[in-house]
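S.K.: This is what each chain is made of:
2 protein chains.
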Amino acid sequence: MKKLLFLILSIGVFFSCDNNSKEAADLLVINAKIYTVDEEFSTAEAVAIKDGKFLAVGTSEELQEKYDATEVVDAAGKTILPGLIDAHAHFYGQGMNLQAVDLTETKSFEEVVSRIVEFQKQKNSEFIIGRGWDQNDWEVKEFPVKDTLDALFPDTPVAITRIDGHALLANQAALDAAGITPNTPAEGGEIEVKDGKLTGILVDNPMALVENAVPATSTKDQITALLDAQKEVFQYGLTTINDAGLDRQVIQLIDSLQQAGALDVRIYAMISNTKDNLDYFLDKEPLKTDKLNVRSVKFYADGALGSRGAALKQPYSDKHDHFGALLSSVAEFKETAARIAASPYQMNTHAIGDSANVVVLKTYDSLLADAGDRRWKVEHSQVIDEEDFKYFSKNIIPSVQPTHATSDMYWAQDRLGPEREKGAYAYKQLLDQAGIIALGTDFPVEKVSPFLTFYAAVIRKDTKDYPEGGYMPEQALSREEALRGMTIWAAYSNFEEDEKGSIEPGKFADFVILDKDLMEVPEAEIPEMKANATYLGGKKVFSAQ
Amino acid sequence: MKKLLFLILSIGVFFSCDNNSKEAADLLVINAKIYTVDEEFSTAEAVAIKDGKFLAVGTSEELQEKYDATEVVDAAGKTILPGLIDAHAHFYGQGMNLQAVDLTETKSFEEVVSRIVEFQKQKNSEFIIGRGWDQNDWEVKEFPVKDTLDALFPDTPVAITRIDGHALLANQAALDAAGITPNTPAEGGEIEVKDGKLTGILVDNPMALVENAVPATSTKDQITALLDAQKEVFQYGLTTINDAGLDRQVIQLIDSLQQAGALDVRIYAMISNTKDNLDYFLDKEPLKTDKLNVRSVKFYADGALGSRGAALKQPYSDKHDHFGALLSSVAEFKETAARIAASPYQMNTHAIGDSANVVVLKTYDSLLADAGDRRWKVEHSQVIDEEDFKYFSKNIIPSVQPTHATSDMYWAQDRLGPEREKGAYAYKQLLDQAGIIALGTDFPVEKVSPFLTFYAAVIRKDTKDYPEGGYMPEQALSREEALRGMTIWAAYSNFEEDEKGSIEPGKFADFVILDKDLMEVPEAEIPEMKANATYLGGKKVFSAQ
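Heads up: the sequence lines are chains S and F, in that order.
One point on numbering: in UniProt numbering, the residue at position 526 of the first sequence is 526, and numbering is uninterrupted.
One point on numbering: in UniProt numbering, the residue at position 463 of the second sequence is 463, and numbering is uninterrupted.
Among the clues, some could well be false.
Same chains, same names: a pair is fine if it fits in one copy or spans any two.
[To be verified] Straight-line alpha carbon distances no greater than 16 angstroms define the calculated EDC-like cross-link-like pairs of lysine to aspartate or glutamate that follow:
#	residue 1	residue 2
1	Lys275	Asp517
2	Lys107	Glu481
3	Lys288	Asp221
4	Lys220	Asp290
5	Lys539	Glu71
It should be emphasised that the hints constitute simulated quantities derived from the structure, not laboratory data.
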């Protein structure tokens, strides 16, 4: 017994004997206008944070009275929102895109070269890739030649693809890496030669020779991509991204980096629908950490409306007898859905056309009728037949991207005709029916900024202030609804409403400080907004200063 | 052209205009006794290091004359060796073991409790696991009871297993987690109850109830394991570990952590022989980074000698008509070997008994006859029939663990008889035949220290100074041979001799500083040696101070 007592004493007394009656906090943010996005959409002045979570929400006076904080931030009247969630994006894809030079909207070949030089200063890439030039936008409307790139990059391969993907300019180092000479045969395309010399222009098939010479993506490249994407999303106050389709290897890389403290952003990762991925994940309990949530499968029901790949019930209005198509048979879709229904996972299906949507909605409806709280999602929910809205609910959730509406509005009526268009991008109707709507961007298809999402959802205009009065303004969401869609409703759609999506005690201390009050700022100022500071788990991960 | 010139100027001039005639280095280590382990086994005084690699080796005066280093370390006469390589260990397994309390060789239950308390102070584990107690070693030779553990850990489950794995002591929190009450039926074992109360002792089958209540291993747990193992190996100057069998997920985790800068140690990872692993890796180019080398498959031909699982040509000397057994058929082994031979991978096969060894050696020999430089390894090469030594070469490499000899010597002759024993642990003969031998430990089966490996290889005694004159002293290696086996030969066996294994310009700046000269220190002082400091890629990763 003596020994036992000794042991008990030797493990020490861990509680503090400080007589200070205030409670300890790590961070106190005061003098803010905080939209808590709680049930009542109430506002507050101050929050206390401890161990990465919100401890209390109240007035500045109350919280200063009650808490003794290691750090106090005076927000000087700035606005605070819960950390924003992008309910549908391609986070890893965005990161990979950032490893190539963006050459879209260049006004001259000089600008192309200048962007490449700027990129390489940052990246020091061993093989420079670029995409998006279009000589039709230049004063000299001719294919460029490689000479300048040879002078600037004598030893580093450079390969830049035209916007349509059918032509590529390679410098000599890239041609050498690909083993291309003026005598290389060019089947199914062209290797441009002038005066017996390569110009660097390759058209169609021969482009593959250069593409195959690009080094394979290493883990280090993947990590760089993830960190670059993280840097970008934090600038906009995003703290959780739903990645709409990842393979096992990338998911495990993200988990590893997060757990090692090398990646901060929270990811809700949808599993790409491959046999390998499903076999690996579906028999297991979903992978859930504070930073990563793997509990859903991404499925593609159809293609896109712009390219007329979306599956419609009636023919396209601008293409005779063309209906688009489902990407797999209804039987296959149902089989996969049934397999997922038998697992603990959600199914998140890309559905654009009204035909694809009704297949998805009816299948969900029959599988989930007696399956409890499953929250399966219809990603895009883009064109819905009037009679099919009824299937949406808090268990069959619309997940939409408002900037798609303002990007597509220029030609959507061509594809659909005025009657069908009424059920397209119909966010207000979806919300009224489901009682919930999750908002995202689909970046890199659209830009990353959630403020563009907010603007498109509420104002229904694009950044050219078009159209006057907004596109189908009856489908606009209120500012409150849009903010809920980017926070608590997105969290709910992820089964994460108990840990994020609002500023309430016990939830992760993810929040964004804004210079302007998103709920009251004049509409014209919304699109350019960025975060003043972004906090994730109580830690500042971005500061505009 | 003006624009081009502008661009060229704008990318800047990157070379320095410093007139200092000395070359830049990151680190200069002077006044050392450096065993370079180059071809001539030459020594030097100083090394210069830049960008993680050795730049030059020479006298202190020469290198100080020639290099201007950011940091200069005066080794004050200490000894330097190349970073040590363990050619056969279980690095991840060791790390996982470190997540449990080691209760082996405890002298009382009080010591058991004390070790648990000490462990928990460091680890703050949510479910404490321990292994290795044996009440026969205690004064009171009775099964312990849970009361002390209940008092010390009222809320944290504790489950500690007896050394034979057939009994377990659980505290009340662990019993609660397992749902065990005094009325729980105990089929195929026992749930000890005294005076109507659980004592905490479970025997055999009911142990599974507690084991199943232990939380699953998370990525965070895995990372902790890897970092704990790294910390341990760096204390001994080990900079590369060959992990003898890892699954894809752990290999990718290691790669991720290394590339993110969260794990430093270099790993040569043998792929565990499962269908999933082979399907995933074998069709790909081997994964090779500065820190990770995945280019081999681990196969188990037979079991262990101690438990009489090793496959012998003739019956065990201490078990009538018992030969041990191969773990798979010869046909299966050959099929796997042929598949690996058709890939760029090495095959590293565990072979203990002379029968297993001859199957492996003949298969290797026939597959590799015209296959060029493949360096397949025989892991353990433990008992070799006199007529089979001839198969070993620089293409069929013996990879052995000298401490196995001094651990097994107490009963090896019982198993094998005096004649067969002559071909067992016959390291000198293996070296003479192959011209190379790779040395390792097989930790956690043996202790981590490479100095114990060195001692066992050279002195052929265990740490009890037994036996006088050494075990089969004719099989002792010279100190130089043992050091080569732990450095350059191990590197060669990994296809890494161009980047590590000796201190020569261009190789990774991996080295260990020792307080004693391993080549000349009195033999009795060898077993307790540790590193004074360990450097990996020119960065100090361990310091004894």
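S.K.: Would you mind marking each hint as holding or not holding in the structure?
M.R.: A quick look at each hint next to the structure:
In this assembly of identical chains, Lys275 and Asp517 lie within 16 angstroms of each other by CA distance neither inside one copy nor across copies; the values are 47 angstroms within and 57 angstroms between. In this assembly of identical chains, Lys107 and Glu481 lie within 16 angstroms of each other by CA distance neither inside one copy nor across copies; the values are 39 angstroms within and 67 angstroms between. Within a single copy, Lys288 and Asp221 get their C-alpha atoms only as close as 25 angstroms, which misses the 16 angstroms cut-off; across copies the closest is 14 angstroms, which meets it. Within a single copy, Lys220 and Asp290 get their C-alpha atoms only as close as 24 angstroms, which misses the 16 angstroms cut-off; across copies the closest is 11 angstroms, which meets it.
For the homomeric pair Lys539 and Glu71, the shortest alpha-carbon distance inside one copy (11 angstroms) is at most 16 angstroms, but the shortest distance between copies (35 angstroms) is not.
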